[in-house]
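S.K.: Here's the letter readout for the chains.
4 protein chains.
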Amino acid sequence: MALTPEQLAEIEAQRATPRPTLRAVSEGMESHLYRAHTVLDHGFVRVIDYMGDDSAIVQAARVSYGAGTKHVQDDAGLIRYLMRHWHSTPFEMCEVKLHVKLPIFVARQWIRHRTANVNEYSARYSVMDREFYIPAPEHLAAQSTINNQGRGAVLTGEEAARVLEWLKTDAARCYDHYHDMLSQDGQQGLARELARMNLPTNIYTQWYWKVDLHNLFHFLRLRADAHAQYEIRVYADVICKLVADWVPLAFGAFEDYRMGGATLSAKALECLRKMLAGQAVTQESSGMSRGEWREFQAVLATSDT
Amino acid sequence: MALTPEQLAEIEAQRATPRPTLRAVSEGMESHLYRAHTVLDHGFVRVIDYMGDDSAIVQAARVSYGAGTKHVQDDAGLIRYLMRHWHSTPFEMCEVKLHVKLPIFVARQWIRHRTANVNEYSARYSVMDREFYIPAPEHLAAQSTINNQGRGAVLTGEEAARVLEWLKTDAARCYDHYHDMLSQDGQQGLARELARMNLPTNIYTQWYWKVDLHNLFHFLRLRADAHAQYEIRVYADVICKLVADWVPLAFGAFEDYRMGGATLSAKALECLRKMLAGQAVTQESSGMSRGEWREFQAVLATSDT
Amino acid sequence: MALTPEQLAEIEAQRATPRPTLRAVSEGMESHLYRAHTVLDHGFVRVIDYMGDDSAIVQAARVSYGAGTKHVQDDAGLIRYLMRHWHSTPFEMCEVKLHVKLPIFVARQWIRHRTANVNEYSARYSVMDREFYIPAPEHLAAQSTINNQGRGAVLTGEEAARVLEWLKTDAARCYDHYHDMLSQDGQQGLARELARMNLPTNIYTQWYWKVDLHNLFHFLRLRADAHAQYEIRVYADVICKLVADWVPLAFGAFEDYRMGGATLSAKALECLRKMLAGQAVTQESSGMSRGEWREFQAVLATSDT
Amino acid sequence: MALTPEQLAEIEAQRATPRPTLRAVSEGMESHLYRAHTVLDHGFVRVIDYMGDDSAIVQAARVSYGAGTKHVQDDAGLIRYLMRHWHSTPFEMCEVKLHVKLPIFVARQWIRHRTANVNEYSARYSVMDREFYIPAPEHLAAQSTINNQGRGAVLTGEEAARVLEWLKTDAARCYDHYHDMLSQDGQQGLARELARMNLPTNIYTQWYWKVDLHNLFHFLRLRADAHAQYEIRVYADVICKLVADWVPLAFGAFEDYRMGGATLSAKALECLRKMLAGQAVTQESSGMSRGEWREFQAVLATSDT
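These protein sequence lines are chains A, B, C and D, in that order.
The first sequence lines up with residues 8 to 312 when you count with our numbering.
The second sequence lines up with residues 8 to 312 when you count with our numbering.
The third sequence lines up with residues 8 to 312 when you count with our numbering.
The fourth sequence lines up with residues 8 to 312 when you count with our numbering.
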């Protein structure tokens, strides 16, 4: 359970006092504000604030394109047009602020998305909580034998048990020593900025993360993708649901053009034209490498999830 | 007059319908929403949306510093501490979206601040309005004889009259030809993306500009400064007033530490220590250049505005 | 002619003195250094400096992926893999600095690409040169009747002559008055920062523009595209040639996956699968809008330039 | 020892083959290229590439300010002027690429500087090396009792021995288990992307880090500061030395105006004017908080390092 009774009470208090505003309001997002959506064993995602809604995207586009947008009949059509033609600035007019609790090794992937604002809990100032990510047995996967950065079958039997035991006891021992190094009971107590180095990267940290919708979509395209590491993908999946409630038209366009779409190379398009004309094409005649050909076949064969 | 009756009616309609929200609300900013603050002869600044308030800055800082912030007694003290020690990320947690109408030569300075989101009216899609910035007589200044990028005395007499006449008639003629080139009345009509090149840079454009508070303060420090060009400074001055109503504690700290403060070099500090110890210091003995010494004297002599 | 004899002499002097370096060197780029590639009637692009080459991309990728990159047989294969899977950071390891002379209305489009460093000639400090972009007759196009931001047929006859005459005489008159306002001959002389507002946006400015290869590719994908305005596309085309000589492997991958490729939506992929299975698909049954369907047909019908 | 004989041989090979270039060359930086500067117990900083030198800063400024820069007599004076007046873009025209090996807890601070390009060794693709930061006894400091994020006296005796023993044995045990989880000897072998979570944050990672000089100065001002954590400050100190050899004029200006300078608030300047006029000022009469007053006194009392 990620939240204490005190935290739940605080969230309810924040939700109890609506105030009038003249700003754009997204009903879908209001229903999520402050509430914690649990992720992994101790993590969560909470919406702290947001700016704008689907109309704000349309409004910004109409400022840019003026009378030029009048022929697009409705907001949904305009938003789909903007997404299809890679117009990024209207989507930048929406902004969201999330409170996220996540393991450090996930945070290290996440922070690589530079176009965002972050306030992270500082282990120089404060003591870390004793909470570690321990994978559920069904997520304890072997190294993929075909993909250098992927997972294969789930570990079983003694190997699985041994791994879980190590993850738990190593984390516990490291934290115990962290705690004992900091102690000022009968000793000086090591500086927090030093003691923290003894903690493993599955310990949970937390941060406020603020990002505009365009950059959030970029994050989600990479991190909600089937090839992303499971432990960050579950955060991206939760955020997808929040965004779907916040800006349903923009999220629909994003799903169709980005998540469900595919980019084909000049070579792949040439193949496709031949295939549609009834010609046979092979990897050899395509000019593609084996890897490219395999990926091209995958795009054509089956519905992308 | 910058606004038509239709625009005023639209603003009143937007202001007439408050809706409940659970987000942070700044009463001071709500009073400004959508209203146009006139700048120069045809320009304006309007607040379209905002995220956060003084409390949001404090809240983000407390996430970062945890128990480490408890010794700071109140929000004002914490915000002043953050500003004094160049902590930028808590201020990034606030965001504002403005609608600005401004001459192109001002927009070209403004856009150099890259960390912001912009949707500008496009003269490829739409026809520009016939509105030009013509300086008021008291702002028609001569080139400074001592500062390469500054202004000197106000022009007078025939010279002033001649300049104003040229500015007005050249703008009018360029716009007339722009209009006539576009016309499809008895001719093909030049492409908008080409015709616009005939317009002078004192024509008004407009944009939505969205920026976080940290980067806005950086903009204001440079553009509300006495050395900024008058035509952008008046926009910065209006925005200062809006920010003072939005986040009064943060703006107070900004005024004290940034706008009213000064940065002294190692050499200048060394001089200061000598002067406080009763020693005489001259430009020669200071190791400063003439320009540096003059600026140093100015900091010490008089209250900075 | 864009360059004076003095400028040509200066370029030759810069090119006359090679010095030894231990850094990565791109022979292809060395041949371009400092030389001006003419664009439009008075513009140019010059390479001032560069960092890295194809090997630098590979080297950075191997730092990231370590032993994981060993199975890719050669540099070209690895670079194509990185481009195909949207790995952006290895391409960011190359950097280029260009000196560009361009009309202000082109500069205003260009500057919207924010992830770059810019030093522009300042009309507050210095006097602008008397050089304006006047389109060649074959580029004097009418407004497109089907595309809000496009061009149609070339103007002819009296209309073309009238437009050219206006562009020339308006620019000349505006510049004459600019010059006369600045004059300190028998008058005070208007401040440069004010006088510049009388200049039309087809006057030439210049800047140093420094950008990493990833962001440069993003710029080129948008601005070397057939839908980009001709006057910026010619700059992008020249830069494409420079990049092809600088990092030939990366540029080849860019051409195949970005310039020559296309992104298909989930709906379009579904159609494609049906078509390859021999089923008939129409716009109605596709779920696409008329615009989407037209673009989809265009991708399938013909080789994209 | 941070480098293997193989690495040293590779560095010597890279340094053995100078090639001619027409680009700006900094002799000072050439002498550092590829060589590893040892930091902490296993870390290093190596210059991989650079763009520009002091002249490149001057050259970019002269493009911007044109004839306006002619009155500044020499390059040093112009660079000092640019630094003093917060002109950032000319300094952005220089770029450097470093190869850095550093503990993860240091990397997590470092990465918060977002305006840079990074390629980090990926523990999803590859296996981490068995190298951990263990502080030297003289850097094993107690928590400061007055500064929430600072260090106090050095630990001594049994407490110091106990801390060092824990740091060493916990790191060793975590790594042993990491290694054993990955093993495919008689078992499936855990996925690398999961096993890495068992490693403590004092393990060494490495990355290529590319940044422009303006943003590097910002990094150095914060991280070479006396209040920065020792373990990142030693990296900043090494980089300061490299920059001093690369762009000596710019680094000199940086030392005088940034590292050795101080920013005073409006209140502090008011106090100073009174003090110079011979009036007594106290904390109470200054309007400053106790913390501000203490910092103000520190600036006046002693030479800042």
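These aren't lab readings, by the way, just hints derived from the structure by calculation.
Mixed in with the good hints, there may be bad ones.
Since the list can't tell identical chains apart, any single copy or any two copies may satisfy a pair.
[Stated by the list, open to error] Each computed EDC-like pair below joins lysine to aspartate or glutamate, with the alpha-carbon atoms no more than 16 Å apart:
| # | residue 1 | residue 2 |
| --- | --- | --- |
| 1 | Lys274 | Glu127 |
| 2 | Lys281 | Asp244 |
| 3 | Lys175 | Asp192 |
| 4 | Lys175 | Glu291 |
| 5 | Lys281 | Glu172 |
| 6 | Lys175 | Asp263 |
| 7 | Lys274 | Glu291 |
| 8 | Lys248 | Asp232 |
| 9 | Lys175 | Glu13 |
| 10 | Lys175 | Asp48 |
| 11 | Lys175 | Asp252 |
| 12 | Lys274 | Asp263 |
| 13 | Lys274 | Glu19 |
| 14 | Lys274 | Glu262 |
S.K.: Each hint needs a verdict: does it hold in this structure or not?
M.R.: These are the hints, each one checked on the structure:
1. Lys274 to Glu127: Cα proximity of Lys274 and Glu127: none, with 45 Å in one copy and 32 Å across.
2. Lys281 to Asp244: neither (38 Å within a copy, 29 Å between copies)
3. Lys175 to Asp192: Neither: 27 Å inside a chain and 23 Å across chains, both beyond 16 Å.
4. Lys175 to Glu291: Neither. Shortest intra-copy (50 Å) and inter-copy (55 Å) distances fail the 16 Å Cα cut-off.
5. Lys281 to Glu172: For Lys281 and Glu172, the Cα distance exceeds 16 Å both inside one copy (56 Å) and across copies (50 Å).
6. Lys175 to Asp263: neither (41 Å within a copy, 48 Å between copies)
7. Lys274 to Glu291: within (12 Å within a copy, 29 Å between copies)
8. Lys248 to Asp232: within (14 Å within a copy, 35 Å between copies)
9. Lys175 to Glu13: For Lys175 and Glu13, the Cα distance exceeds 16 Å both inside one copy (27 Å) and across copies (38 Å).
10. Lys175 to Asp48: Classified as within; 13 Å inside a copy, 29 Å across copies.
11. Lys175 to Asp252: Neither. Shortest intra-copy (37 Å) and inter-copy (49 Å) distances fail the 16 Å Cα cut-off.
12. Lys274 to Asp263: between (23 Å within a copy, 7 Å between copies)
13. Lys274 to Glu19: Intra 56 Å, inter 42 Å, cutoff 16 Å: neither.
14. Lys274 to Glu262: Classified as between: cross-chain Cα gap 10 Å, same-chain 25 Å, threshold 16 Å.
In summary, the structure is inconsistent with hints 1, 2, 3, 4, 5, 6, 9, 11, 13 from the numbered list given earlier, while agreeing with the others.
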